[in-house]
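Count along the sequence shown from 1, add 12, and you get the number used in my numbering.
Worth double-checking, as some hints may not be accurate.
[Claimed, not checked] The calculated lysine-lysine pairs, modelled on BS3-like cross-linking and capped at a C-alpha distance of 30 Å, are: (1) Lys-146 to Lys-186; (2) Lys-171 to Lys-186; (3) Lys-186 to Lys-35.
[Said to hold, decoys possible] Ranges between beta-carbon positions, derived for each pair: (4) Gln-245 to Glu-162: 20 to 30 Å; (5) Ala-98 to Leu-37: 17 to 27 Å; (6) Leu-134 to Gln-276: 23 to 33 Å; (7) His-118 to Ala-147: 11 to 21 Å; (8) Pro-137 to Ser-258: 21 to 31 Å; (9) Gln-36 to Gly-193: 38 to 48 Å; (10) Ala-98 to Lys-270: 17 to 27 Å; (11) Asp-215 to Leu-37: 39 to 49 Å; (12) Ser-258 to Ala-98: 36 to 46 Å; (13) His-73 to Gln-273: 40 to 50 Å; (14) Tyr-103 to His-192: 13 to 23 Å; (15) Glu-272 to Met-13: 25 to 35 Å.
Think of the hints as simulated: they come from the structure by calculation, not from any bench. Keep in mind that this is a model prediction, so the values were computed, not measured. Just so you know, even glycine gets a beta-carbon here, dropped at the ideal spot from N, CA and C.
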Amino acid sequence: MLTLHHSPFSVASQKVRLALAEKQLDWDDRLVDLLAGQHLQEDFLRLNPRAEVPVLEHDGHVLNESWFICEYLEEAFLQHPLMPAAPVHRYAARQWNHWIERELHHASGVVTYAVLARPLLLQQPPEVVEALLKAIPDASVRAWRASVLEHGLDAPQLKESISRHHAFVRRMEKQLVDAHGWLAGPACSLADLAALPYVMRADHVGLGSLMTFEESPNLRSWYLRMLSRPSMQASFVRYVDADLQSLMTQLVVAAHPKLEQLIQTSD
């Protein structure tokens, strides 16, 4: 039995759900409400002291870190392989994930927190929000979240985060040399599954104008091909209802004017 502790909107969780779905594996959901701080509670911290989703349980083993979970699934379940056969392409897949985690993951978190999480958190009593912040194990995460909570779309981290998204878009467009390309080798691989949640997140939080058909035609083609894969239903679509989509749209519309200003000045 595969048991996945995850959040529907965590990009790292989405990466693992995509891998599970692409390999046509069934899993048991354990949803973790990040806004309510369930990842900071004792039961979850026993699974991952870093208070991060996702966590996968399999045959008595507790597995953390989304990429390592994906590689574990690749080795434990040989059907529908997701790593390329050629060593140089396997290297490229790992390099893409490393680059995303090093250069983009934090930036994606900053934008998501500013556009989607902050307005919802500010509806809670200040003492509740303060307690959630204090419970975060990583001091650097506490610091940037406190800054974004205080300053919102004027937070100093936001402009740099959008610039990193811009660099990500340019890097993908350069790699996807034609409208039928993939990030690592001749077929969809873990590299593409690692990138997709971040492209979706950028699109969903109001950064879609960084990825126009005119400037990024190959990326746009790749994105449409990825969204049409059968794995999207099991890994993403079934976790999003109409009310949630409506709320997200309202939050993104409210943030749009400021985001567009920042996009225009990003490099």
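We went through each hint and held it up to the structure:
1. Lys-146 to Lys-186: 41 Å, violated
2. Lys-171 to Lys-186: Measuring from Cα to Cα gives roughly 23 Å; hence the hint holds.
3. Lys-186 to Lys-35: With a Cα-Cα distance of about 28 Å, the restraint between Lys-186 and Lys-35 holds, given a limit of 30 Å.
4. Gln-245 to Glu-162: 20 to 30 Å: 39 Å, violated
5. Ala-98 to Leu-37: 17 to 27 Å: The hint (17 to 27 Å, Cβ to Cβ) holds, given that Ala-98 and Leu-37 are roughly 25 Å apart.
6. Leu-134 to Gln-276: 23 to 33 Å: 27 Å, holds
7. His-118 to Ala-147: 11 to 21 Å: For Ala-147 against His-118, whose Cβ atoms are near 20 Å apart, the range 11 to 21 Å holds.
8. Pro-137 to Ser-258: 21 to 31 Å: 25 Å, holds
9. Gln-36 to Gly-193: 38 to 48 Å: Taking Cβ atoms as reference, Gln-36 and Gly-193 lie about 24 Å apart, which means the hint is violated.
10. Ala-98 to Lys-270: 17 to 27 Å: Hint violated: Cβ distance 45 Å, outside 17 to 27 Å.
11. Asp-215 to Leu-37: 39 to 49 Å: Once the Cβ atoms are compared, 27 Å apart, the range 39 to 49 Å for Leu-37 and Asp-215 is violated.
12. Ser-258 to Ala-98: 36 to 46 Å: Taking Cβ atoms as reference, Ser-258 and Ala-98 lie about 45 Å apart, which means the hint holds.
13. His-73 to Gln-273: 40 to 50 Å: 47 Å, holds
14. Tyr-103 to His-192: 13 to 23 Å: About 22 Å separates the Cβ atoms of Tyr-103 and His-192, which means 13 to 23 Å holds.
15. Glu-272 to Met-13: 25 to 35 Å: Distance hint for Glu-272, Met-13 is violated at roughly 46 Å.
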